[in-house]
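J.: Spelled out, the chains give:
Protein chains: 2
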Amino acid sequence: MNSELKSYLASHRDEQIEQLKQFLRIPSVSVGSEHQEHIGHAVDWLIASLRQAGMDNAQALPTGGNPVVYADWLHAPGQPTVLIYGHYDVQPSDPDDAWDTPAFEPDVRDGKIYARGATDDKGQLFIHIKALEALLAVHGKLPVNVKLCIEGEEEIASRHLHAFLEREAERLQADAVVISDGPMHDRARPSVLYGLRGLCGFSVELKGPKHDLHSGLYGGGVQNPIHALVELLASMKDSDGRITIDGFYDKVNPLSPEDKTRFDELRHDEEQVRKDLGVEELFGEKGYSFLERTTARPTLEINSISGGYQGEGIKPIVPTSAAAKISCRLVDGQDPDEILALIQKHIDERKPPGVTVQVTPGVKGKPFLVSPDDPYIRASARAYAEGFGAEPVYVRGGGSIPIVEAFYRLLGAPVVMMNFGLPDENLHAPNEHFHLDNFDKGIVTVCSYLQEIARR
Amino acid sequence: MNSELKSYLASHRDEQIEQLKQFLRIPSVSVGSEHQEHIGHAVDWLIASLRQAGMDNAQALPTGGNPVVYADWLHAPGQPTVLIYGHYDVQPSDPDDAWDTPAFEPDVRDGKIYARGATDDKGQLFIHIKALEALLAVHGKLPVNVKLCIEGEEEIASRHLHAFLEREAERLQADAVVISDGPMHDRARPSVLYGLRGLCGFSVELKGPKHDLHSGLYGGGVQNPIHALVELLASMKDSDGRITIDGFYDKVNPLSPEDKTRFDELRHDEEQVRKDLGVEELFGEKGYSFLERTTARPTLEINSISGGYQGEGIKPIVPTSAAAKISCRLVDGQDPDEILALIQKHIDERKPPGVTVQVTPGVKGKPFLVSPDDPYIRASARAYAEGFGAEPVYVRGGGSIPIVEAFYRLLGAPVVMMNFGLPDENLHAPNEHFHLDNFDKGIVTVCSYLQEIARR
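Chains as they are written, first to last, in this note's numbering: chain X, 1 to 456; chain F, 1001 to 1456.
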């Protein structure tokens, strides 16, 4: 990277962090409906920020829900076009009392910025905006054509983005899609992410007696919906962590020897993970390492469960209902609709007597796997090497960005996941944070990537 | 009953209902701590009401928690002394939106009064106060000596009453204890209740990773506390409703042929119960009728369960913890401490890997069974016959009033459960109500009982 760009970045560093803090102060939570005003605030803030960076056509494009923020710079004829994706919405901050500093009052300590959205995804998204601004400020132009597509519903399953991509396919047309919305492998090694797990979410509600019953007068006489739910959920996994839904693993592609080698080369420190999580032992499907289980094997996780009186003290009742929210992570070969059908069949065959069971489908996304040899992927490895001074490793991700698969399929362009977060930055949890040295290195990496893919 | 008493009751009926409404308007909820002011209000109101009735020494006696309201009338030398027990605290009213009229705005419709506490226990307790008032007003005296002990923590396991009874044993000394805090067998037949189930409550909390984890990054790699809890709870009961805690049934006294005959004579309409509860079928331990299962067989019921994000939408996490509150109803022969030890052993032997399990003991009460031939019990049958114009049936109750067993043991006096509620009056549920004809008949029954036990 040339020295002019370097000195520009150095002299604007404090200003960038102050701007990031402004962005993080907006509680643009998309779950629920109480933060609509802040969603609008985040949209306005982003548009102003993109204009300031020197991008053209910065605007809010309507969807069936929260708008997409779009901008572009298309003055590099003959050069490829890159579409940068990010999201401005964040997870809820609860439980608020578990945060050391308030979720929406960004605080920098020990080189990290603490706030909801710091790593997921405001901090990572802002890297791109600041990289574009730096290139435009120093060179007066970008090396390639660039479009930005920044959505506001990633944390609620991008529920309107699919239709948006279909409608706006022409406007969004690109040669590669770049997304920074996840963690690198670890602090020392940036990573090129060539796979993601899919997602199949659903909720189950069991209804029993038409209202709560006194457990003294009715206990033992009627089915308790919590018992029935517990029995049903326990039947979905064995005590070794293997999912017992008939057919669940049938279409999973087994790990190839090359896959196994790639995992082994990562030399993942499971003991360190165990310590960091504060558990006495890690746990999961037998025969696979932690990294394999969390990235290349499918899961079924109960995300929440509820039934009966949730207040202080005990209310001795047989409750009228009980419910759970569940999500499966899927891997290459599995299809969310097929998996949901298998689960529905499992539940139908085991419905306990005396209750009704309602399964409601939720979020859904196909798994994603791209060739590690695609030129746009290889270019990202070279850019990381410049930004971080270290050769990146090739890894698969355990999370799900259903729209990655959608971009891949609908725009016909390779998706490059250029992550700058770290796995232990508490995303979706209290004390979410982002390492500011990765913010700095990320800007260099993005500048370098755009230069790498320019045809010479 | 003499005509003077009858016409007194008739002419004061409206006034009695208005006073009951005043009592029901006080939201004297003992669960949690937000209603302390109303607890105090209920105490003051009761003392005034007892003084108005003509009782002596009406006062609040301190306990380690909510005070006991005491009063007496001891001017019948040579006659037995009856101790009347009731409680002025009520269950919480949630979910408030499920009530047709607000829980603390009593409403009379179709001959029933709707309000939290209408049947449990304010309405039933008030019968005694009004019976005493009527006898004192008409005759200038009571046929026997009477004491009242009205507590404010029945809905939170009477947690300070045991110590109170031990401390105040002398003041409370009596020849019989009368309690009206439950349902009669059914509308047509008053019932003499000669048994109650005991109670063994506890909570289980499972802790896993030190904070919530993103299920994409960690799902499949660590134990999910909800899965572990579900597995543990499912292991406590089989799919036929039989409890699978080793030794749980060992000390249960089997039903005698006389017991079986007594149950058969009740000709309980299970189909009607099924319809009333709105379930497709009743359910429980095989080989026993609904009535046997709910009064003479022990149970284990999960009263509440929680884990993960409880708000709107789905938060895809592996939660840091999961918890359940459970209560067992126990029958003659079982001891709550022994049962809790069996449960603790069951849990210890099955603790899933990767979580810690904490069992916290809760409410506790021994089962109670008295001879149906005790003279104070027989007298209650004659009083019911007068009050209701129908011979009572002898039944066992499924609920737990742990202090019944405590009164029996600590005061050495038979406990007469003289219930005036009905089983379908929604106690502990929305739209709790009390049939006002049973309020009227109850006053006659109590007057008659006090006259029946007077030595002639």
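No lab work stands behind these hints: they were computed from the structure.
Cβ atoms here follow ideal geometry from the backbone N, Cα and C, with glycine treated the same way.
Watch out, some of these pointers could steer you wrong.
Unchecked claim - Chain F regions said to be covered by chain X (calculated; three or more residues, Cβ under 8 Å):
| # | region |
| --- | --- |
| 1 | 1092-1101 |
| 2 | 1352-1361 |
| 3 | 1435-1446 |
To be verified - Cross-link-like lysine-lysine pairs, in silico, DSS-like; alpha carbons within 25 Å at most:
| # | chain 1 | residue 1 | chain 2 | residue 2 |
| --- | --- | --- | --- | --- |
| 4 | X | K112 | F | K1210 |
| 5 | X | K207 | F | K1210 |
| 6 | F | K1141 | X | K351 |
J.: Each hint should be assessed against the structure and marked as holding or not.
T.: Against the structure, the hints come out as follows:
1. Counting residues of the region 1092-1101 of chain F whose CB lies closer than 8 Å to any CB of chain X gives 3, which reaches the minimum of 3, so the coverage claim holds.
2. Figure legend: the region 1352-1361 of chain F, annotated as covered by chain X; annotation consistent (5 residues with Cβ-Cβ distances under 8 Å, at least 3 required).
3. With a threshold of 8 Å between beta carbons, the proposed coverage of the region 1435-1446 of chain F by chain X is violated, since 0 of its residues qualify and at least three are required.
4. A threshold of 25 Å between alpha carbons decides the hint, and for K112/X with K1210/F the separation of about 20 Å falls inside it, so the pair holds.
5. Under the criterion of a C-alpha separation no larger than 25 Å, the hint pairing K207/X with K1210/F is inconsistent with the structure, at around 33 Å.
6. Between K1141/F and K351/X, the direct Cα distance comes to roughly 62 Å. Violation of the 25 Å bound is thereby established for this hinted pair.
Of the numbered hints given earlier, the model fails hints 3, 5, 6; all others are met.
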